[in-house]
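Please work from the sequences and hints to get the whole structure.
In order, the protein sequence lines correspond to chains X and Z. For the first sequence, the positions run 1 to 482 when this note's numbering is used. For the second sequence, the positions run 1001 to 1387 when this note's numbering is used.
Some hints could be false.
[As the list claims (entries may be wrong)] A few chain X residues facing chain Z, derived, Cβ under 10 angstroms:
| hint | residue |
| --- | --- |
| 1 | I12 |
| 2 | N188 |
| 3 | Y315 |
| 4 | P331 |
| 5 | V397 |
| 6 | L401 |
| 7 | I413 |
[As the list claims (entries may be wrong)] Residues of chain Z placed beyond 12 angstroms of chain X at every Cβ, according to the derived structure:
| hint | residue |
| --- | --- |
| 8 | R1159 |
| 9 | K1160 |
| 10 | V1252 |
| 11 | K1355 |
Bear in mind the hints are in silico, worked out from the structure with no lab data behind them. Ideal placement from N, C-alpha and C gives every residue a C-beta, glycine not left out.
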Amino acid sequence: MSGEMEQLEYAIAEITEIASGLGLDHYPMRYEICPADIIYTFGAYGMPTRFSHWSFGKIFNKMKLQYDLGLSKIYELVINSNPCYAFLLEGNSLIQNKLIVAHVLAHSDFFKNNVRFSATNRNMVESMSATAERISQYELIYGAQTVEAFIDAVLAIQEHVDPQLIKPHRYDKRQQTEEKIRRAKQANQQTERGGRSGHYDDLWALELHDDTAVQEGQTAAASFPPEPEKDVMWFIQEYSEALEDWQRDIMSMLREEMLYFWPQMETKIMNEGWASYWHQRILRELDLTSDEAVEYAKLNASVVQPSRHSLNPYYIGLKIFEDIERRWDQPTPEEQRRFGREPGKGREKIFEVRELDSDVSFLRSYLTKELVRDLDLYIFEKQGPEWKITDKAWENVRDQLVESRINGGAPYIVVQDGNYNRAGELVLKHQYEGIELDLKYLERTLPYVHLLWGRMVHLESVVEDKKAIFSYDGQKHYRKLI
Amino acid sequence: MSYTPDPYTFIVSKEDWSLHRKGYQDQQRHQEKVRDVIRQNLPDLITEESIIMSDGKGVIKVPLRNLEEYRFIHNYQKHKHVGQGNGDSKVGDILAEDKPKEEGKGGKAGNKAGEDIIETEISIEDLEEMLFAELELPFMEEKDKKDLETIAVRFNDVRKKGLMSNIDKKRTILENLRRNATSGSPGIHGISPDDLRYKTWEDVAVPRSSAVIIAMMDTSGSMGNFEKYCARSFFFWMTRFLRRQYEKVEIVFLAHHTEAKEVTEEEFFTRGESGGTICSSVYQKALEIIDARYPSASYNIYPFHFSDGDNLTSDNERCIRLIGELLGRCNMFGYGEVNQYNRGSTLMSAYRHIKLERFMHYVIKEKGEVYAALKRFFHKQEGGSGS
Chain X
1 MSGEMEQLEY
11 AIAEITEIAS
21 GLGLDHYPMR
31 YEICPADIIY
41 TFGAYGMPTR
51 FSHWSFGKIF
61 NKMKLQYDLG
71 LSKIYELVIN
81 SNPCYAFLLE
91 GNSLIQNKLI
101 VAHVLAHSDF
111 FKNNVRFSAT
121 NRNMVESMSA
131 TAERISQYEL
141 IYGAQTVEAF
151 IDAVLAIQEH
161 VDPQLIKPHR
171 YDKRQQTEEK
181 IRRAKQANQQ
191 TERGGRSGHY
201 DDLWALELHD
211 DTAVQEGQTA
221 AASFPPEPEK
231 DVMWFIQEYS
241 EALEDWQRDI
251 MSMLREEMLY
261 FWPQMETKIM
271 NEGWASYWHQ
281 RILRELDLTS
291 DEAVEYAKLN
301 ASVVQPSRHS
311 LNPYYIGLKI
321 FEDIERRWDQ
331 PTPEEQRRFG
341 REPGKGREKI
351 FEVRELDSDV
361 SFLRSYLTKE
371 LVRDLDLYIF
381 EKQGPEWKIT
391 DKAWENVRDQ
401 LVESRINGGA
411 PYIVVQDGNY
421 NRAGELVLKH
431 QYEGIELDLK
441 YLERTLPYVH
451 LLWGRMVHLE
461 SVVEDKKAIF
471 SYDGQKHYRK
481 LI
Chain Z
1001 MSYTPDPYTF
1011 IVSKEDWSLH
1021 RKGYQDQQRH
1031 QEKVRDVIRQ
1041 NLPDLITEES
1051 IIMSDGKGVI
1061 KVPLRNLEEY
1071 RFIHNYQKHK
1081 HVGQGNGDSK
1091 VGDILAEDKP
1101 KEEGKGGKAG
1111 NKAGEDIIET
1121 EISIEDLEEM
1131 LFAELELPFM
1141 EEKDKKDLET
1151 IAVRFNDVRK
1161 KGLMSNIDKK
1171 RTILENLRRN
1181 ATSGSPGIHG
1191 ISPDDLRYKT
1201 WEDVAVPRSS
1211 AVIIAMMDTS
1221 GSMGNFEKYC
1231 ARSFFFWMTR
1241 FLRRQYEKVE
1251 IVFLAHHTEA
1261 KEVTEEEFFT
1271 RGESGGTICS
1281 SVYQKALEII
1291 DARYPSASYN
1301 IYPFHFSDGD
1311 NLTSDNERCI
1321 RLIGELLGRC
1331 NMFGYGEVNQ
1341 YNRGSTLMSA
1351 YRHIKLERFM
1361 HYVIKEKGEV
1371 YAALKRFFHK
1381 QEGGSGS
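Next comes the structure, spelled out in structure tokens:
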């Protein structure tokens, strides 16, 4: 037993040294060996210390069942934190753990260096533990059912946060918002009076017109929020009149958790591709026995195996990174001439990509015609009862894939109006770009929004090329097609 | 290679995780919610064909729509997706086919992730448990005690003398341990006759109760499959419910059109005949059978009549009179009418005016109402005891 641990420690030391030698820059690592049900618990919750909720129990149940039936297996789980926690499945063989450690080190390097992660809280393990503690306190005070029903509602809109990285210095969102409203009112009063006190007033006024053009029948002065607000979670938590303090607290904590997970959703393909690329490179440096080599090859093949119909992010990401490295190592004469690309810069280039890109820009910039062809990617859609391949043109495939990764794959929804009809009603707007919403889900989600907002809620979207407004007043649903 | 691991770069540990039960706790909470959903769906579930046509064992699948985590999502069906082939994919290839219009039931092909209808399985026994928790048998009567008591044995005592076959091994060993311990040589050894303990019994009188259901149904031409199915669902659950309350439950099947006869269960539910309807014929037949075979002194009798409401108008008065007679012998009388199009019903127009406590009626318009009918007929009495 302790012999095994020693062997593992020795292997990890060796792999860590190789990884550092190759340029990976990771956090200090904490490896923890856990039984399957614990790994699956962490997998379901996304974090060992996360709060309790039945929906995690549901995922856990499903994942554990698949494991018990031998349908799927999680070998490891890695947490974006400093130090970086990696959980290894008890019973992994030494060679499996070698692959996993190499893989995990690359994830850790990605967490530490990719710009999307630059604002994430690296103490999230503790933060989430505190959140869980607070939520269970609220359960004691307000009743488990009440708290659970509230969390159900919050989770229904949890994706609608604003993960932007570039924020004004000493940013206070509420202050900013109110400042904008104040300024808009002022400018509006001035234009109404027809008076001009400064040279640039006409420019302010222009901006105002832009903002208010979309709002029907409302004067500029009343526009609230001043600009469509992407952070629906924040807006509700901040301005809903129906929430009590403990509810605002839960909302803000869950919003923090979502912002923490967001970069992982945004870089799924890159992150997995990067880790797969590196476990392959690192394992090449190790002396493996022939048995180990075979076992490694099997496991590696199962990780990066292309899957039919859906995309395996490990495989796509890996292929793109390999392709970038090749193209920057051996640029064609044309690339050398046109872009001034010098040969042998492959490694440097992929490190740059892992630092600056997210899935959207990664796919847009580096999914080439040749890759689409070699990977045999295609577009499929539903025609009648059949799911059919309808397009193989590489630009379309690339654009479709990019589109599916925008906003982490979730519909882009903003708060359009927080005081609709001057009755404090909430208007959300789906920024329609050709993909309709699932109406059944929409109408089941609105009641949750209503619970959070406390007044009538509306969602504007597009159905069959027509503007459609879905409303819920606490009892009934209304649909209006325009 | 001589590399000494730097203790600050990494740590490998293995802790005891056995107390980390969060996953299981939330899993249990989820399962409680699943049961709640099933309870809410009882009206639809209990008329599932897979149950009514079964032997009452096994499991059924229940869709769990209410337990999906609703949020704003794209319509999977209406948008384009990127997939990956084996290198030979062509425009026009068909990847999968949706089965035509079968919402929520396996109508999805392998590659679709969007519409994921979650199902759970529940055994019919569990379903029964939930359903019957809401029902109670009204107007139960104690029947003639002398005839209906049976003697049962109950092991409730332990003695030092008894039959060898009834030896209580556990207590005997305990006695032996105790004796050895007090004598200073603990352990199990040298079992003496003094240690032996025997279980003995006591005779207890258990009241034996039995019930009979007189299942009556109109099998005339106007009773279609839907009507029969509703009746069948009702009798299915009623029989199972009464079996719980009584030690012995017999069922008599009486089919009628213009005249009534006793039939087998099979015939009762499947046979259809043409012609008109005279309901009093079956009530008369029920009375005859009760008088001949099921004296009300020793049986709880539950006559239930299902029909579509069609009756010879001139017969109504006779029906009402016979119901009165039946109620003199029976615990209650139930009339269920299956009337999905809300037609005018000759029988109901007469029965509506019957004001007898033990006469109950219910009009079933759709399958889901079988549940409501069960609840009407077997409702919990106010005050709870409901004897």
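Now the hints, each set against the structure:
Of the supplied interface hints, the one on I12/X holds, with its beta-carbon coming within about 6 angstroms of a beta-carbon of chain Z, less than 10 angstroms. Residue-level restraint check for N188/X is violated (minimum Cβ-Cβ distance to chain Z is 33 angstroms; threshold 10 angstroms). About 8 angstroms separates the beta-carbon of Y315/X from the nearest beta-carbon of chain Z, less than 10 angstroms, and the hint is met. Because the smallest distance between the Cβ of P331/X and any Cβ of chain Z comes to about 27 angstroms, over 10 angstroms, the interface hint for this residue is violated.
Taking 10 angstroms as the C-beta contact cut-off toward chain Z, the hint placing V397/X at the interface holds, the least distance being around 6 angstroms. Checking L401/X against chain Z by beta carbon gives a least distance of about 5 angstroms; that is within 10 angstroms, so the hint holds. At about 6 angstroms, the closest approach between the beta carbon of I413/X and any beta carbon in chain Z falls short of 10 angstroms, and the interface hint on this residue holds. Distance check for R1159/Z against chain X: the nearest CB is about 49 angstroms away, which clears 12 angstroms, and the non-interface claim stands.
Annotated as non-interface, K1160/Z keeps its C-beta farther than 12 angstroms from every C-beta of chain X; the closest such distance is 50 angstroms. The Cβ of V1252/Z lies farther than 12 angstroms from every Cβ of chain X, with a closest approach of about 47 angstroms, so its non-interface assignment holds. In this structure K1355/Z is separated from chain X by more than 12 angstroms, as the shortest Cβ-Cβ distance comes to about 38 angstroms.
Violated hints, listed in ascending order, are 2, 4; each of the other numbered hints is respected by the structure.
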